[in-house]
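*Asks:* What follows is each chain in one-letter form.
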Amino acid sequence: MSYHSIVMVKQVPDTANISGQVMKPDGTVNRSKLPTIFNPEDKVALELALQLRDRYGGTVRVMTMGPLKASDLLRDCLYMGADEAILISDRKFAGADTLATSYVLSEALRQLAPYDIVFAGRQAIDGDTAQVGPQTAEKLGLPQITYAEEILQADGEKITVKRKVDRGFEILEGTLPLLITVIKDAATPRPFMAKRVMAYKNAHTLLELEKMIEGNSLLYLDQLKEEYVSKGLFIPTLTADELDVDPERCGLGGSPTKVHKIESVILGGGAHEIIPPTKDGMHALIDKLMEDHIFG
Amino acid sequence: MSENQQQVWVFIEQREGKPADVSFELLSKGRKLAESLHGELKAVLIGHDLQALAAETFRYGATEVLLADHPELKHYNTLPYSRLVSELVDQHQPRIVLFGGTFIGRDLAPRVASHTRSGLTADCTDLQISDVTYLRKDYSQLLLQIRPAFGGNIIATIICPDAPVQMATVREGVMEKIPLAQPVAGRITPVPYTPDAADQLVRIIEQHHEESKVNLKAAPIIVSGGYGMGNFQNFQILYELAHVIGGEVAGTRAAVDAGFIDHVRQVGQTGVTVRPKLYIACGISGAIQHRAGMSDSNKIIAINDDPDAPIFGVCHYGIVGDVMDVIPKLIDAYKHKLK
Ligand SMILES: Cc1cc2nc3c(=O)[nH]c(=O)nc-3n(C[C@H](O)[C@H](O)[C@H](O)COP(=O)(O)OP(=O)(O)OC[C@H]3O[C@@H](n4cnc5c(N)ncnc54)[C@H](O)[C@@H]3O)c2cc1C
Ligand SMILES: Cc1cc2nc3c(=O)[nH]c(=O)nc-3n(C[C@H](O)[C@H](O)[C@H](O)COP(=O)(O)OP(=O)(O)OC[C@H]3O[C@@H](n4cnc5c(N)ncnc54)[C@H](O)[C@@H]3O)c2cc1C
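First to last, the sequence lines map onto chains A and B.
Under the numbering used here, think of the first position of the first sequence as 1, with each following residue one higher.
Under the numbering used here, think of the first position of the second sequence as 1001, with each following residue one higher.
Chain B with its partners taken away, still in its complex shape:
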């Protein structure tokens, strides 16, 4: 085994030169994995004008940054980014590569894994190094990739016993961000990029990113919607309810992923933790990661058409019914009583 094979790499995600939090979280985790492997932690960074950001990774223990810096790489674009990362992985064969489970990471990582024929485990909640016996064969120092599946109903430990490179994505907020007291003395290694016509088969025409200013933590009443709201249009009724009773609207990750509501309004382990006077959970199953962000609310109302939904286990008032039937009645009842 060459010494290269003990490298742990983290893909550093940036937008407009601003790093994603998840990248520093992954560096912090990657540092621990590299220690267990007696290996080295490295960062892969692609974009333009990123010297300062590159140096920031030293605060999290990266000993080397592989930096591809070019004006045409300023914005994330699938084809050039995946080509660059794939070539680097092919060339250096790191033992572990970590990506954020973000819109960018989930677009990029599968292509890199496919190109390099590596195993890729999605949305890990924990990563550990351990010796493993699998099918009566012993493997030393494998990456245990722990992830929920089947809609959060099971937790699976995934391994890649025979693959040279093990890859994983992790959602933002899952790992802890732990800067070092003193940055390490790392080095920046430039990676050449030669533009290729094929890199522009998909062109960015327009980009819209809103910085949001919601303050869920301060809201006395939160109306929260889940995947059970059904669609974007149905979800809008929650704004009406919130408006009538004077609250803010929030949602589950499933609702965020489905595009019903913005990520900044996500409540839960990887979102905001809230403790309002009243939390109304509409079409929310009550997964453990969601409960982590709301179960300390003073009073909880749950509306769900499945009487066995786990959310009923944490609520004070439970309503078994269809959200699109119950919510209008609730709005009417409130208007009738209090206006």
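Next up, chain A with everything else stripped away, as it sits in the complex:
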């Protein structure tokens, strides 16, 4: 049996590389100064979905809720091998906490049904809550397996998954459809495929097509869109209207949690000896540690 997967992916600020200039004087994060990356565990989740497709056949779709710029992330997914990418974007979705985010994502999944498995990363590196996956599952009445580190096998309606727990692991058998959140160690994401990069670097959303024809009256949007759709290069965008969501449950307004105050953590530097990362450097370091009576 083949399986149809949908992977939830998120574009995140590269929080591992936050430097001084990223923090504004008022202690808030200057997001425009932060490079954005593919949330690491989402990339692993996509890899796992692609491996499942390699093994059993089926399809892999990816979706993200985010600003228009998130189309970059979707192209990355197409480069890795996703069959289709969907952008979920609307001003009404801005400022969402995990409850409002999972509401919109679950409504999108309703529209994209049927599917066998929804994959998500365990957590996104900006909010770090690990809540969106389970909350999305709950809204759809789906069972979930969190902290998955390996898919052992799929057999008809059943999937067997090894998941990490405190001081050990569990093997669970779940009935499809279900949602799986994936930890970093589950797989190593494959590199982009050159052929796919060539093909999909021209994949665009409707808004990107609109931008392309600005100042070029010879091209008509409908025509252009049709051309992109027929070439498989159109990235559909789902908006609040298209999803028929309750606006009260979306975005900042639909979020019970509010950020009341933010402070930045400033860590001071201290004096230390710099050792060059070379063979000689390491020899010198060993000498110093012998002098310190740590070795020898």
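All clues stand as given, with none of them false.
Computed list of lysine-lysine pairs in BS3-like fashion (alpha-carbon distance at most 27 angstroms, straight line):
# : chain 1 : residue 1 : chain 2 : residue 2
1 : B       : Lys1329   : A       : Lys288
2 : A       : Lys279    : B       : Lys1329
3 : A       : Lys279    : B       : Lys1337
Rather than coming from a laboratory, the hints here were simulated on the basis of the structure.
If you're wondering where the values come from, they're calculated on a predicted model, not measured in any experiment.
Keeping the supplied structure of chain A fixed, place chain B with the ligands upon it in accordance with the hints.
*Replies:* For chain B with the ligands alone, coordinates are given in the frame of chain A:
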């Protein structure tokens, strides 16, 4: 406002009937929150054969335990547990519900919050009750949920001004466990559980839990790895280094969370505090919570490819470079000099 709305609940986590430390830590904190609210502290306990454990919560000030006891609930399983807790929250509308930020709590709490449409704040480092003015409106006695975000670079205070139920998760070791001199005279209220076919959509086939016997505190040399080690495989080189120079291997919470190393080897605020002769920090940024557990080491070496990483602020010897390049050189240099 009904009197119910001033209840503070703590989900008590157990495995094989053994309670998680974090649950007692949360009860201790919950007791203070309940005092501020002039409310009541209650424990929610699910499992099988747990009368003794239920009574243990009275030592931490729980005045009532809502206990669902059934053979099919012996092991934590997402669907039945989340169904039970969600139904209880729907029915009683407690003002605050606290969960451990553990593998179980982080699996369970989001589902309960989603079902009851409550705000849920992850990994809080502090919880306080305070009156708040938010968007020019005054709110009395809100829960201030203080948590780091953006990889520990910022500390945010989160509130849920309009939600009837405020929920939070807290990691183990963050709050202090404070038993009462005398247990309170609490009561145990059974919660009925009727098995449902849908509860077994995910079945547990096998479970492996290892009790570990590492003694980091006694190790003279500790080789510690962070998220910057990249993956599980790379992390193994630390065992080689530790073996060669005669040390133990430890890690940061980010390394533990990523599955590179076991939780018992975590150094820091919510792990072990160590003071070895030598601490080698490999691919570790040097977050305040990590430094709390290692900055008193006699000598610290830091290897990090980011010259601005805060770990360089506490180390004695700093090496700016890629761990997978530097560590093999260090191993070679040691073998060359001392063997
Ligand atoms: C300082 C700060 C603190 C915050 N604290 C909280 C809090 O405690 N509670 C809370 O409810 N919200 C909080 N938020 C809001 C939260 O960060 C956002 O809702 C965020 O968009 C989703 O949460 P996350 O990053 O924690 O995702 P996680 O829940 O960690 O993400 C898990 C997985 O869900 C999927 N996913 C998540 N978002 C998307 C998306 N937009 N599109 C597709 N897939 C997605 C991915 O697969 C991801 O790996 C906070 C925000 C800030 C700025
Ligand atoms: C309540 C609470 C309690 C906590 N308790 C603890 C605790 O007990 N212990 C703990 O450790 N943390 C704890 N934390 C987490 C802490 O805030 C940090 O998130 C964590 O310590 C970061 O771990 P890290 O340094 O491994 O990862 P990161 O912060 O991701 O740092 C990785 C580092 O590796 C470097 N790097 C990347 N690639 C390479 C390479 N190839 N070569 C060399 N360097 C590289 C990067 O420059 C970066 O500096 C706690 C947090 C909270 C909120």
